[in-house]
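Participant: Chain residues, written in single-letter form:
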Amino acid sequence: MEIRPIFSALMRSKVSMILIGLQVALTLAIVCNALFIISERLDRMNRPSGMNETDTFWLGSTGFGQNFDAKSVQQADLQLLRSLPGVAAATSVISVPMSQGGWSTGVSLQPNQRTSTASTAMYMVDAQGLSAYGVKLVEGRDFKPEEVVFRSMNDRGIPVSVIITRALADRLFPEGGALGKQVYYDNEGPPSTIVGIVERAQTPWLSADFIENSTFVPAFIPYGSFTRYLVRAEPGRRDEVMKVVEQKMIEANPSRIIGRVRTIEQVRVDGYAGDRAMAIILGAVIVALLGITALGIVGMASFWVAQRTKQIGTRRALGATKFDILRYFQTENFIITTMGLLAGGVLAYALSLWLMHSFQSPRLPWYYVPVGFVCLWALGQLAVLGPALRASRVPPAVATRSV
Amino acid sequence: MLKMTHLQKVYRTHLIETYALRDFSINVREGEFVAVTGPSGSGKTTFLNIAGLLEEFTGGEYRLDGVDVHGLDDNARSRLRNEKIGFIFQGFNLIPDLNLFDNVDVPLRYRGYGTAERKQRIEESLGRVGLASRMKHYPSELSGGQQQRVAIARALAGSPRLLLADEPTGNLDSLMARGVMELLEEINRQGTTIVMVTHDPELAARAHRNVHVIDGQVTDFDDEPKLRREPGIGSRESLQAESVSP
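Residue numbers (the working numbering), protein chains in the order written: chain A, 1 to 403; chain B, 404 to 649.
Hints are supplied without guarantee of correctness; some may be wrong.
Claimed, not checked - Which residues of chain A face chain B? A partial, calculated answer using Cβ under 8 Å: (1) Val15; (2) Ser72; (3) Arg166; (4) Asp170; (5) Pro174; (6) Gly177; (7) Ala306; (8) Gln307; (9) Thr309; (10) Lys310; (11) Thr314; (12) Ala317; (13) Arg393.
As the list claims (entries may be wrong) - In silico lysine-lysine, DSSO-like type, Cα no more than 30 Å apart, as pairs: (14) B:Lys406 <-> A:Lys14; (15) A:Lys322 <-> B:Lys406; (16) A:Lys136 <-> B:Lys522; (17) B:Lys406 <-> A:Lys181; (18) A:Lys14 <-> A:Lys71; (19) A:Lys14 <-> A:Lys248.
These are computed hints drawn from the structure, not numbers from a lab.
A virtual CB, placed ideally from N, CA and C, is assigned to each residue, including glycine.
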């Protein structure tokens, strides 16, 4: 290998080497951190909500008129929904995971506890609630129809039976045995007993630090004359059922408006729109940076090939094969890229530290930089291949040409 | 050592054919010092390029040290060039970003010699041209004559059988030219065959034999070299050919 003489020659024209090296260094630092942020966002976007998202949808019913009775309309609507072919379960809800809006409260282990033990989202459901959400009950039992209470917005206290997520149970009772224990959702109210534990049900807020803490409560609380229904269709029949449900609901009660009929998959798409946008923008930045770096290498290598045509011809005349010339330029690029990458590695970790201190982002995993090394080495070798092949085709007779 | 028989080199475009060499025959024996002369455009450089395997020919036969070079692929030509031929160019063709050591090292690396052998050969060949003490210098720090000496050292480092020189003193003043010429004569005396392209009759006169080329053909040559005392070049003896019409 000709590493030493190539390196010595490069040291005679430092500016070009420094410029390309710097470009490679910045690219590595930014690409590693941007890729890590994208990977984090993708992980967030792929978190399971705990729901059956494929077969479920929700819709809103807004009544109007002075005599509109939310309770009786809700009972009639649920009866209608459950009677429709293709509907597996239906319930009235306030919120669903990923919808970014809902109720939350603190849970305490003692009455009048000064600081609550955990925060939780509250999902008001009836006896078909767990089935409509499609969450998996792992301990205890589901709600009984007689446990479901009708409440107004101003009523205090929480029903005596609740079902919580495994994460909330672990938080409240780290030693285990949450089932059957009593907890307090209202400092002044009576305690609620945990009658069931579900595997997972995320909160509606995607950025909440208690995203896995949810509580299902057997209650119906109309928001004025607005009620939301969550419907789970039989597998594969969601879209078909959605059309029928909307039509039948309007026919059953013309004194209200049916709207916001949306699948839970759409709710997920909307909920993670910001993360998706961030991933796309950072992805575009990465592609642009890599493209600019590759073009920089191509440009510089092309310039060097043009500048050294006579030198290449001389090397060929002195016995270099085409492959020797190709290898020369590939090695030269390898040296420059390696120097840039060494600086870029340090820069990447420094940038990660700055992001940690400024934005509380997690530390860049160590393996991003070595993987970045390999990728940028490959990019550099690929970028220089065209000019290097052009150089290898310089005929040896160039050595004897006077112009 | 170098034998071309009825060699042709034709450059073809879709409109015209240009004969750079036509029915070109030459036989350079081992140990000879042959000068190839002729006016500009006569085909001297084409001959040198073909002789040095830098270019291919279109007809005839060329044997280099007994090897028929026709049909050799690019790698084989590169290898043969590297092993058998040393080049000296008019413009020296040193690599400006490499010091003298690394410049002389270039053909040796392509030969695949180990580090120790390369170092020994470089030191020997630079010593032979009187530049052993300047190994770490760069070409730009040397005079033209010294640069050509480095080029000669580079050509000699691989112990070639044949040295091809293209106007080796063309870019030098007369004093430096004289020094370079004396060095070439010394190298020839030590057994290396030299073919030198020049348009300088004074230099050509110092070769064993002159071959004159016009319009791609050998028009004038002296087949049998003669030894004669040459006044004006100190007390050295030199072989010089007297041109005889074929």
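Participant: All the hints need checking, so say for each whether the structure fits it.
Facilitator: Quick rundown of the hints versus the structure:
no.: 1; hint: Val15; verdict: 13 Å, violated
no.: 2; hint: Ser72; verdict: 92 Å, violated
no.: 3; hint: Arg166; verdict: 67 Å, violated
no.: 4; hint: Asp170; verdict: 66 Å, violated
no.: 5; hint: Pro174; verdict: 66 Å, violated
no.: 6; hint: Gly177; verdict: 74 Å, violated
no.: 7; hint: Ala306; verdict: 16 Å, violated
no.: 8; hint: Gln307; verdict: 11 Å, violated
no.: 9; hint: Thr309; verdict: 12 Å, violated
no.: 10; hint: Lys310; verdict: 7 Å, holds
no.: 11; hint: Thr314; verdict: 4 Å, holds
no.: 12; hint: Ala317; verdict: 5 Å, holds
no.: 13; hint: Arg393; verdict: 10 Å, violated
no.: 14; hint: B:Lys406 <-> A:Lys14; verdict: 47 Å, violated
no.: 15; hint: A:Lys322 <-> B:Lys406; verdict: 27 Å, holds
no.: 16; hint: A:Lys136 <-> B:Lys522; verdict: 77 Å, violated
no.: 17; hint: B:Lys406 <-> A:Lys181; verdict: 106 Å, violated
no.: 18; hint: A:Lys14 <-> A:Lys71; verdict: 80 Å, violated
no.: 19; hint: A:Lys14 <-> A:Lys248; verdict: 77 Å, violated
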